[in-house]
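Chains as they are written, first to last, in our numbering: chain A, 1 to 183; chain B, 1001 to 1262.
Incorrect hints may appear among the rest.
Listed below are the simulated DSSO-like cross-link pairs for lysine-lysine, each with C-alpha atoms no more than 27 Å apart in a straight line [claimed, not checked]:
{"id": "1", "chain 1": "B", "residue 1": "K1141", "chain 2": "B", "residue 2": "K1208"}
{"id": "2", "chain 1": "B", "residue 1": "K1237", "chain 2": "B", "residue 2": "K1177"}
{"id": "3", "chain 1": "B", "residue 1": "K1171", "chain 2": "B", "residue 2": "K1138"}
{"id": "4", "chain 1": "A", "residue 1": "K127", "chain 2": "A", "residue 2": "K168"}
{"id": "5", "chain 1": "B", "residue 1": "K1237", "chain 2": "A", "residue 2": "K97"}
{"id": "6", "chain 1": "B", "residue 1": "K1195", "chain 2": "B", "residue 2": "K1208"}
{"id": "7", "chain 1": "B", "residue 1": "K1141", "chain 2": "A", "residue 2": "K97"}
{"id": "8", "chain 1": "A", "residue 1": "K180", "chain 2": "A", "residue 2": "K168"}
{"id": "9", "chain 1": "B", "residue 1": "K1208", "chain 2": "A", "residue 2": "K97"}
Ranges between beta-carbon positions, derived for each pair [claimed, not checked]:
{"id": "10", "chain 1": "A", "residue 1": "G130", "chain 2": "B", "residue 2": "S1074", "range": "33 to 43 Å"}
{"id": "11", "chain 1": "A", "residue 1": "K180", "chain 2": "B", "residue 2": "L1132", "range": "43 to 53 Å"}
{"id": "12", "chain 1": "A", "residue 1": "G130", "chain 2": "B", "residue 2": "V1146", "range": "42 to 52 Å"}
{"id": "13", "chain 1": "A", "residue 1": "T51", "chain 2": "B", "residue 2": "K1195", "range": "37 to 47 Å"}
{"id": "14", "chain 1": "A", "residue 1": "G130", "chain 2": "B", "residue 2": "E1037", "range": "25 to 35 Å"}
Just so you know, the hints here were simulated from the structure itself, not pulled from any lab data.
Since the model is a prediction, treat every value here as computed from it, not as a measurement.
No residue lacks a Cβ here, since even glycine has one placed at the ideal position from N, Cα and C.
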Amino acid sequence: MRLSGTQMPKTQDEAALIERICSGDETAMADMYDRYSGIVYGVALRVLGNTTAAEDVLQEIFLQLWRNPQAFDANRGRLPAWLAVIARNRAIDHLRKRPPEDDIADLPISTGVNLESEAAQRLAVDKIRGVLSRLPQEQRRALEMAFFEGMTHSEIAARSGEPLGTIKTRIRTGLITIRKEFS
Amino acid sequence: MKDHAQYAEMLALYAIGALDDAQDCPDLEEHLRTCPECRQELAALRGDAALFALSAVGPAPPQGARQRLQAAISNQPRKAPARAGMVIGVLRPRWLAFVPIAATLALAIFSLLLLRSNSRLQGRLDQVQAQLADQGSKLRKAQALVDLLHSPDSIEVTLVAEMKPRVPHVKAFYSPKMGHLLLVAGNLDPLPPHKAYELWLLPANGTKPMPCGTFWPDAKGNAMMDHSLSGAGIQAKGFAVTIEPENGSEEPTSPLEFRGEG
């Protein structure tokens, strides 16, 4: 088998891509890899700080999708957003050396942001970096500690010496700010 | 029991996995089962978290990653679902109408049995695949180290204290459990013709030294050797090195050149 990418028409949506994978079309996996491996790898590398471990997560997620493409329900979220969150969760599992949680199937995600094409992804990446640069430092840090370092809000509170309620507010406000900036 | 507003406050933490599992998760998950409004907000917060995740996007995966995935997929080919064929109707005696029903029932029972069996097999398959993935990861890490050591462009630099003479040194890494050892040496003197350095394991129980392989320094005086012992579990008090005939000896025949104890 040669895993060569094919140019999919722009109108073909994620559900169609998943359908091709369901039917055993290996070029669909190549398309998916070409489009979204950067997201999965980038997130895993940010969490793990190790290229070998990040590639392990990348391989694991794409192989799992190949084996069980129905795990992604196109009606319940957008594929790249879903992959980003799955990548984070899997990387945290690796970080804590625990067996992967069974979270790949049931993870509804809702976002209005289109991330399907490479250009759209680049725009979104630039935009989120701009948004984060304007967030208050402590808000951004709380988000990073929770999302990329896998800390609970109690651990963040203990580390930063701030009350639990403050951490909770920072994380919630940070996420809502991101939503507003993209809406 | 918390009210809806309290649960709603916890959603952002839950969406990014920052809620303390033992304390709050079970409560919130119970609430989510009965609250569509919170489920909708949770999905939106996960979408926000996904956008936040994009801030990490940038580094491209390693060059070989695509090929490795290709190989892994090729090892797990999947069959396309069978296409539905055209059905052509024909006239049959009426009693024959019950044959498909009976066959369908029999097929349903058989399918249920198969399903149960399949589920058990799938569970075992998942375990094996998880083990394979873990071993693959370890293998890649080990391979990366070996590649580094053997790469033609790799350089080896020994840092020494300035203004002090270069001292010959030998390091042995040994795991009794694995029965395997690695030797790394530097600044060794050149050997006389037809001679080799030989490493000896000095058993903790005081029995005679065990030969652990011969090695030769390169032009710079560096040497590396890995060696598997004939059995695992041999405890070592220390190691020693002598100069022996190039085919090695069964016991040391010359004074110790190096000796060290763990």
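Tested hints:
1. K1141/B <-> K1208/B: violated, 37 Å
2. K1237/B <-> K1177/B: Cα-Cα ~15 Å, so holds.
3. K1171/B <-> K1138/B: Holds. K1171/B to K1138/B sits at ~24 Å (cutoff 27 Å).
4. K127/A <-> K168/A: holds, 24 Å
5. K1237/B <-> K97/A: violated, 34 Å
6. K1195/B <-> K1208/B: holds, 22 Å
7. K1141/B <-> K97/A: With Cα atoms ~16 Å apart, K1141/B and K97/A stay inside 27 Å; holds.
8. K180/A <-> K168/A: holds, 18 Å
9. K1208/B <-> K97/A: violated, 43 Å
10. G130/A <-> S1074/B: 33 to 43 Å: holds, 42 Å
11. K180/A <-> L1132/B: 43 to 53 Å: holds, 45 Å
12. G130/A <-> V1146/B: 42 to 52 Å: holds, 44 Å
13. T51/A <-> K1195/B: 37 to 47 Å: Cβ of T51/A to Cβ of K1195/B: about 44 Å, so the range 37 to 47 Å holds.
14. G130/A <-> E1037/B: 25 to 35 Å: holds, 31 Å
Hint compliance for this structure: hints 1, 5, 9 are broken, all remaining hints hold.
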